[in-house]
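> Chains as they are written, first to last, in the working numbering: chain A, 45 to 350; chain B, 2 to 628.
If you're looking for bench data, these hints aren't it; they were derived computationally from the structure.
All C-beta atoms, glycine included, are put in the ideal place defined by N, C-alpha and C.
The reader is advised that the hints may include incorrect statements.
Stated by the list, open to error - Using 27 Å as the maximum straight-line C-alpha spacing, the simulated DSS-like pairs for lysine-lysine come out as follows:
id, chain 1, residue 1, chain 2, residue 2
1, B, Lys528, B, Lys298
2, A, Lys94, B, Lys479
3, A, Lys76, A, Lys321
4, A, Lys94, B, Lys434
5, B, Lys89, B, Lys298
6, A, Lys90, B, Lys479
7, B, Lys434, B, Lys125
8, A, Lys90, B, Lys434
What the hints assert, rightly or not - Residues of chain B placed beyond 12 Å of chain A at every Cβ, according to the derived structure:
id, residue
9, Gly53
10, Arg88
11, Tyr133
12, Tyr194
13, Ile303
14, Pro355
15, Ala360
16, Thr364
17, Glu443
18, Val458
19, Val545
20, Glu552
21, Arg557
22, Leu589
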Amino acid sequence: MIAYAVTILFLLLAAPLLTGVIKSLKMVLLYKRPVSVFQGYRTFSKLLVKETMLSAESSQITRVAPYLVLSPLLVALLFLPPAVSGAWYVSFVDAFTLTGLLSLSTFFLMLLGLDSASSFGGMGSSREAFIAAMVEPAMVLTVFSVSMMAGDLGVGAAGVNLAHRFPAGHTASFVFAAISFFILLIAENGRIPVDNPETHLELTMVHESMILDLSGFYLALIETAASVKFVIFASLFASLFMPFGLELPLLAAFGVFALKLLLIALAVALIEVNTAKLRLFKVPNLLGIAIVFSFLSLITFYVLGA
Amino acid sequence: MFSFDALSLLFVGLIVLGAVPNLFYTFGYLPHIERKSHFLVHYFMFIASMLGVVVANNALVFLFAWELMSLTSWQLILTDTAEASTRKAARFYFFMTHFGFVFLLLFFLIAGNGELETAFAQLKIGAGAFAYPTLLFFFVLLGLLSKAGVVPLHVWLPYAHPAAPSPVSALMSGVMLKVAIYALFRFLFDILYPWPLEWGVLVLVLGALSALVGVLYALSEHDIKALLANHSIENIGIILLGFGMGMIFDTLGLFTLSSFAFVAALFHTFNHMSFKSLLFMGAGSVLHRTHTKNIEKYGGLIKAMPVTAWTFLIASVSISALPPSNGFLSEWMIFQSMLGSSQIAPMTLKLAIPFAIFALALTGGLAIACFVKAYGITFLGLHRSENAEHAHEVNGAMKGGMVLMAGVVLSLMLVTPFYFTYFDAAVQLLHGKSVYALIFPEGIWQMHSVAVYGGTVSPLLLLGLLIGVTLLLVMAAKLIGVKTRCHRSWACGYTTGPRTQYSATGFAGPIRRFFSWLYRQNVHFDKERVAGHESKFSHAHFDVHVTPLFERSLYRAPVRAAQVLSYWVYRLAHFEQTRYAAMIFNMLLLVLFSYRIFAHEFSWATLLLESTVMAISLKILVIGDRK
């Protein structure tokens, strides 16, 4: 129970750090002078004390939606697989619930975009809706495939099972599912090549344009939601697709888990530096690759048993 | 004559749950209707006839109530006949519903051996004696699915349901479609029971197609009621996905999974009744206050119509299958039953079912997009027209109806186990296998899947956690003492206005573009240029029309064929006498050549030669030049 609480707290606290690490890694790779990895915390504390501006055109939804964007993600955080073996975890919540919670958060984010009566918000919502609709099938199929390899649809139980006995006979379908899930990680978190988290250019942005009219406390909530979402995906990838190192002594296991998260951040940063952002209408091609890999994973599992 | 078994009573319950809030709403809506007595007579007859259908126990009573249901709903569509489109929709509905009726009648005549008064249980003997059970299955499908609006028999639905007054739309979409689902349960189990595998697969494919086609056409729709009607097609598809999985599992002998899938289908039937009725009531209220169905003319209505807006939000979350709503729970069950496909033996089927999963997941994603559009454009932002600006909240009775229906939606989420006892009783009656104890093995807090490696969901816990975390965040905001100030949205130095917002057309733009092979859109873009400048214009109008592909290919193509045929019949009847003489000569040639080819000796060379001669003589002598 203590390990469980510590893991959740660690993930929550490390969330801004992880996005900060990606950002500074990217800057190092681009020969720029990097910002501090702790910039996320500074921004957060600054936003908390600033006055919150509300758009006069907006309705009650703008006052309610930021909470509902963050709270499903915080709830999802409670259901992640354990970082160390023997720790308590929520065993019964399954992967559909988890994807559903992520969709719930996105749903309110999209409503938020439409509420401020600015065309930027609508543009972001429209694009996000398009991408989210394409992500959904790949997500469900990947989950299906992983649940069969892990022998359980419950997220926590799947992570433990995979760590306990790795499905060495099904490496091929395991790798296909991992590729699919990594593409989803990039797409759902709005990283390059799907969305560029750093521009404020109307031609390219998706996530940023939905939250353009927020400030102060509400912006802090949404920024937290974005980093928590990344940490959820990173931790899921670490637990489901890198299932090793849980049996080490407590501190070492935590260390390995943190290293895995850093490794994912590094991979994302490398991809961001080396690719250009895709046009919006090319994004379905990338997500189509994810869908194909998830189908491949299932078919390999069924037909070849590999 | 009547039967009151668990299935019938379950659907009586569904009709009552759908009709009671609707009565309140209708009471509030009544001043808006001109022909009150005409409306009320048909309205109550309509509800009574639906009750009649679900308790009927022989073909005569069933067909009588079914026909009464069709006729009263047809008259209800014609409540307000001012618009030509309404009359056209009613005519379309009238034809389609009787098209289905013919097949049901044929089914009963064959199964009952000409006798219409035998009880359903005895019809099984007649149906079993008939040599072609698949023909009977097709009659049932054509008869019922044309009523339920399943692709490709769905074309009437987006016209007919929106044309009716809003409370009637809510009843037709929410309740009447479910009566067809009831009949599907009743006939397939009581009369046609041992099913071949292909039937289940067919139902599954129809369900997947309907779900996708329904949601895709809903996305491109600007008429809010037609949008909701298209979503009915989608949800009937989802119900059929569950039903088809149940049929497949039953044939393969996996009875537990099969019962689970049937319970999922029944659960989604109830869910769709609740949220679709609520959505139609909300749309009706908006329509009532703004006098337009065009979604582009709404905007900002949450400020003037808070009750409508918040109840509509509950229904939107539920229909988008977002946790912890009831819509999520039933879709979760259908997903779980599909995951059960990993246990089945036939490899082809095992590999095919992931495609159904894909269809259901894509439908879910697109439904979210569609309801963000419907909700955001209708209720959020600035008013897009004068009408929306002057809108205000509807009267107490209509509000009462919506709040009651929202209560039904919430009850399906909060007291799921209570409803499940009845679903389980119905499925046990039909199928002989109870799954209640397997779904709730550890009390009512967790719902379990019966599939191997299946998952668990706990709606109440999830709801509690969501509320708890949200309250914590709100308390944190209070603790910090967040100061707020209102100011206009920043729009890069311009002012925001109704016309600078994203429109519904624009919102669905990316999806419309990606699925352009389905939509075949016609874009109309007119602008009045200022002094010939390409980029300067005083007034512009942008409009997109989507080609109704099914309507054109499946319904208009036969019409076109009939027209071509009748043109030639006409030509034939108006020939000169010389042409008739030429035709007789051609006939003679045909007989001689056919004798030589088919009876005397056959060779490809002569066949080719002689058909060429025939064709030339037909063209020159009979057809002649086209005038």
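> Next step is simple, just say for each hint if it's right about the structure.
These are the hints, each one checked on the structure:
1. The hinted pair formed by Lys528 of chain B and Lys298 of chain B meets the criterion: a straight-line CA distance of about 20 Å does not exceed 27 Å.
2. Restraint check for Lys94 of chain A and Lys479 of chain B: satisfied, since their Cα atoms lie roughly 14 Å apart, inside the 27 Å limit.
3. The straight-line distance between the Cα atoms of Lys76 of chain A and Lys321 of chain A is roughly 20 Å, inside the 27 Å bound, and the hint therefore holds.
4. Pair hint Lys94 of chain A plus Lys434 of chain B does not hold up; C-alpha atoms about 61 Å apart against a cutoff of 27 Å.
5. About 24 Å separates the Cα atoms of Lys89 of chain B and Lys298 of chain B, which keeps this hinted pair within 27 Å; it holds.
6. Between the alpha carbons of Lys90 of chain A and Lys479 of chain B the distance comes to roughly 17 Å, so the proposed pair stays at or under 27 Å and holds.
7. For a cut-off of 27 Å, the pair hint linking Lys434 of chain B to Lys125 of chain B stands: about 20 Å separates their Cα positions.
8. A distance of roughly 61 Å separates the Cα atoms of Lys90 of chain A and Lys434 of chain B; the hinted pair therefore is violated under the 27 Å criterion.
9. Under the 12 Å C-beta cut-off, the non-interface status given to Gly53 of chain B relative to chain A holds; the minimum distance is some 39 Å.
10. In this structure Arg88 of chain B is separated from chain A by more than 12 Å, as the shortest Cβ-Cβ distance comes to about 36 Å.
11. Here Tyr133 of chain B stays apart from chain A, with its beta-carbon at least about 35 Å from theirs, past the 12 Å limit.
12. No beta-carbon of chain A is positioned within 12 Å of the beta-carbon of Tyr194 of chain B; the least distance is around 30 Å.
13. Remark: the non-interface label on Ile303 of chain B conflicts with the geometry, its nearest Cβ contact in chain A lying 5 Å away (cut-off 12 Å).
14. Non-interface call for Pro355 of chain B relative to chain A: violated, since the shortest CB-CB distance, roughly 5 Å, does not exceed 12 Å.
15. With a least CB separation of 8 Å from chain A, Ala360 of chain B falls inside the 12 Å interface cut-off, contrary to its annotation.
16. For Thr364 of chain B, the condition that its CB be more than 12 Å from all CB atoms of chain A is violated, with the nearest at approximately 9 Å.
17. With a cut of 12 Å on Cβ distances, Glu443 of chain B falls inside the contact zone with chain A, its closest approach being about 9 Å.
18. The claim that Val458 of chain B lies off the interface is violated: its Cβ sits roughly 5 Å from the closest Cβ of chain A, which falls inside the 12 Å cut-off.
19. Val545 of chain B, annotated as away from the interface, keeps every beta carbon of chain A farther than 12 Å; the closest lies near 14 Å.
20. With a least beta-carbon separation of about 25 Å from chain A, Glu552 of chain B lies farther than 12 Å from that chain, consistent with its non-interface assignment.
21. In this structure Arg557 of chain B is separated from chain A by more than 12 Å, as the shortest Cβ-Cβ distance comes to about 30 Å.
22. At roughly 62 Å, the least C-beta separation between Leu589 of chain B and chain A is larger than 12 Å, which holds for a residue marked as non-interface.
The structure shown violates the earlier hints numbered 4, 8, 13, 14, 15, 16, 17, 18.
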